[in-house]
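Q: Keeping the supplied structure of chain A fixed, place chain B upon it in accordance with the hints.
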Amino acid sequence: MHIMEGFLPVKHAVGWSVASAPVVAYGLYSINKRIREKPEQRMLLGVAAAFTFVLSALKMPSVTGSCSHPTGTGLGAVLFGPAAMAPIGGVVLLFQAILLAHGGLTTLGANIFSMAIVGPFAAAATYRMARTVRLPFGVSIFLAASLGDLLTYVTTSLQLAMAFPDASGGFVASFAKFATIFALTQIPLAISEGLLTVIVFNALARFNLRELKELNVVTAREVQL
Amino acid sequence: MKRYQNLLMMTAVVVLVALPLWMVQKPAPGTDGKEVEIFLGADDQAKDVIGKLAPGFKPWFRPLMEPPSGEIGSLLFALQAALGAGFIGYWYGSSAARARMRRELNKDAQC
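Protein sequences appear in the order of chains A and B. So the first sequence is numbered by my numbering: it starts at 1 and just counts up by one. So the second sequence is numbered by my numbering: it starts at 226 and just counts up by one.
Derived from the structure by calculation, the hints contain no laboratory data. Where is the CB? At the ideal position from N, CA and C, for every residue including glycine. Possibly wrong hints are sitting among the right ones.
[Said to hold, decoys possible] Covered stretches of chain A, going by a simulated chain B footprint (3 or more residues, C-beta under 8 angstroms):
| no. | region |
| --- | --- |
| 1 | 43-51 |
| 2 | 174-181 |
| 3 | 187-193 |
| 4 | 210-219 |
If we strip away everything but chain A, and leave its shape as in the complex, we get (with noise of 0.2 angstroms):
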């Protein structure tokens, strides 16, 4: 769930867009130029934006009596990076606010900072970091995918927290308020989200094996395997 339409300060609105631009940029950069270099990784790139599509389209019920739905973005964030994913986000994001009027383009770039920025960057940080301590392929890809999908509504939160202090309590108060909207309905999505990663990163390790050594998802050595 997003920031909604004209619910940011214009200050804070401005500063979010100004902050997501330039990693928006170098993303479409980074994209073109792998398409250029690797043509037959298109097709990945496209299930990455599907997933994206799907993921954000589902607003799931949970436990604490309210509805928000999970992003997608840490497939594309394992796969081609984190940067990637911020105009991918951006994509969805946009349509969302247009057709939909759920988020919106004076939130844009908050929404962007949150969810095609933070999350990719979250995921892609926590796969490095499992492997590096080598947790093996589906729990690294489903801790990456989860806590992307989780910290997206943290920084929800703290964005709103930031616009919006708390009278008595200030900015501590006023995110612990908007946490228990958003991070704690999102727990048990992202464990959603992080499963149904594992199950597309299943197929991709049966099917696209060589694309995954290419994209350094995994080594040569469990190629092997």
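A: The following block gives chain B in isolation, referenced to the frame of chain A:
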């Protein structure tokens, strides 16, 4: 084993989605007799909290276009999911067919 693992994970996702529906009970109508709605969007709740934290704040921009009704909204969300799922299905199907053809080719070569 892999197939079994995927099946288990899919079951877990279904359980995770179904469990809240069963766990969260609709509270009794409040004193004003209004029905309490549950499973609203988390962003609606955030809107209420913003209203409490900054009573003077007015959204300064309206969505350019709003789905004329909830039905149209769900149509567009379904369309978004269908586009994504369609592409993933196409990739999976063509990959599976390619893998099978490669296997058969190898078998023929061995005879």
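Q: Give a verdict on every hint.
A: Structure-based check of all given hints:
Under the rule that three or more residues need a Cβ within less than 8 angstroms of chain B, the assignment of the region 43-51 of chain A holds, with 6 such residues. Coverage of the region 174-181 of chain A by chain B holds in this model, with 4 residues showing a Cβ closer than 8 angstroms to a Cβ of that chain against a need of three. Here the region 187-193 of chain A counts 4 residues with a CB under 8 angstroms from a CB of chain B, which clears the bar of 3, and the coverage holds. For the region 210-219 of chain A, the assignment as covered by chain B is violated, since 0 residues bring a beta-carbon within under 8 angstroms of that chain's beta-carbons and 3 are needed.
The structure fails hint 4 only (numbered hints given earlier).
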